[in-house]
Amino acid sequence: DAGVTQSPTHLIKTRGQHVTLRCSPISGHKSVSWYQQVLGQGPQFIFQYYEKEERGRGNFPDRFSARQFPNYSSELNVNALLLGDSALYLCASRKQEKDGYTFGSGTRLTVV
Amino acid sequence: AQSVSQHNHHVILSEAASLELGCNYSYGGTVNLFWYVQYPGQHLQLLLKYFSGDPLVKGIKGFEAEFIKSKFSFNLRKPSVQWSDTAEYFCAVNYAGNMLTFGGGTRLMVKP
Chain H
7 DAGVTQSPTH
17 LIKTRGQHVT
27 LRCSPISGHK
37 SVSWYQQVLG
47 QGPQFIFQYY
57 EKEERGRGNF
67 PDRFSARQFP
77 NYSSELNVNA
87 LLLGDSALYL
97 CASRKQEKDG
107 YTFGSGTRLT
117 VV
Chain X
72 AQSVSQHNHH
82 VILSEAASLE
92 LGCNYSYGGT
102 VNLFWYVQYP
112 GQHLQLLLKY
122 FSGDPLVKGI
132 KGFEAEFIKS
142 KFSFNLRKPS
152 VQWSDTAEYF
162 CAVNYAGNML
172 TFGGGTRLMV
182 KP
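Protein sequences appear in the order of chains H and X.
Mapped onto the numbering used here, the consecutive letters of the first sequence carry residue numbers 7 to 118.
Mapped onto the numbering used here, the consecutive letters of the second sequence carry residue numbers 72 to 183.
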């Protein structure tokens, strides 16, 4: 089985721009979560979706939004990028609560 | 707010030495506990998890962790480390919700 796949792997954006990050969960996994990992820190929770509905939101500004599609893939959108948004963005999926989350390799976003 | 503390930010060991990484969490209710590992250049991988039952949990690659509820701790152990265990280790807690709260991570370097 393919793992959690994320695209793109790297991108560079300018302050004020918009970015869309994509995630395909493992087949059969209906729950998808997004995390932000700043260099030298542990991942911080951004969103969790299950069956296309938002089930949780972390302490991030409204510039961050996400959605989940009928095929359970997901997008994370960030508007009006700031330098501080530079980070590794991780997507994770799970089949059921007791499975624990499987993480993708992430998208490295650099804002200049 | 719930939090997870990993006391050791950097650990350096020689091969065959024993390892114990500390993890404490702040919440007194029902929690699910995880240890993830991130090898250089790779994505986060689940080492082990605790949901209920035997508080001594065995994971992959010879790792184990012990849940001590009275101490709000979930320490990771390995009797004899190898050079290939060089990685960053993250403790994470699910506070009866869908989000994972991660500790700041411990960088382990094993000298051959």
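Since the hints were made in silico from the structure, they are not lab data.
Do not rely on the hints blindly, as some may be mistaken.
Said to hold, decoys possible - Pair ranges (Cβ atoms, derived): (1) X:151 - H:24: 22 to 28 Å; (2) X:74 - H:90: 30 to 36 Å; (3) X:129 - H:59: 41 to 47 Å; (4) X:86 - H:59: 47 to 53 Å; (5) X:111 - H:13: 21 to 27 Å; (6) H:21 - X:175: 23 to 29 Å.
What the hints assert, rightly or not - 27 Å max Cα-Cα, derived DSS-like pairs, lysine-lysine: (7) X:182 - H:101; (8) X:182 - X:129; (9) H:101 - X:129.
Think of the CB as a built atom: it goes at the ideal place given N, C-alpha and C, for glycine as much as any other residue.
Comparing the hints with the structure gives:
no. : hint                     : in the structure
1   : X:151 - H:24: 22 to 28 Å : 50 Å, violated
2   : X:74 - H:90: 30 to 36 Å  : 21 Å, violated
3   : X:129 - H:59: 41 to 47 Å : 35 Å, violated
4   : X:86 - H:59: 47 to 53 Å  : 48 Å, holds
5   : X:111 - H:13: 21 to 27 Å : 22 Å, holds
6   : H:21 - X:175: 23 to 29 Å : 27 Å, holds
7   : X:182 - H:101            : 38 Å, violated
8   : X:182 - X:129            : 24 Å, holds
9   : H:101 - X:129            : 21 Å, holds
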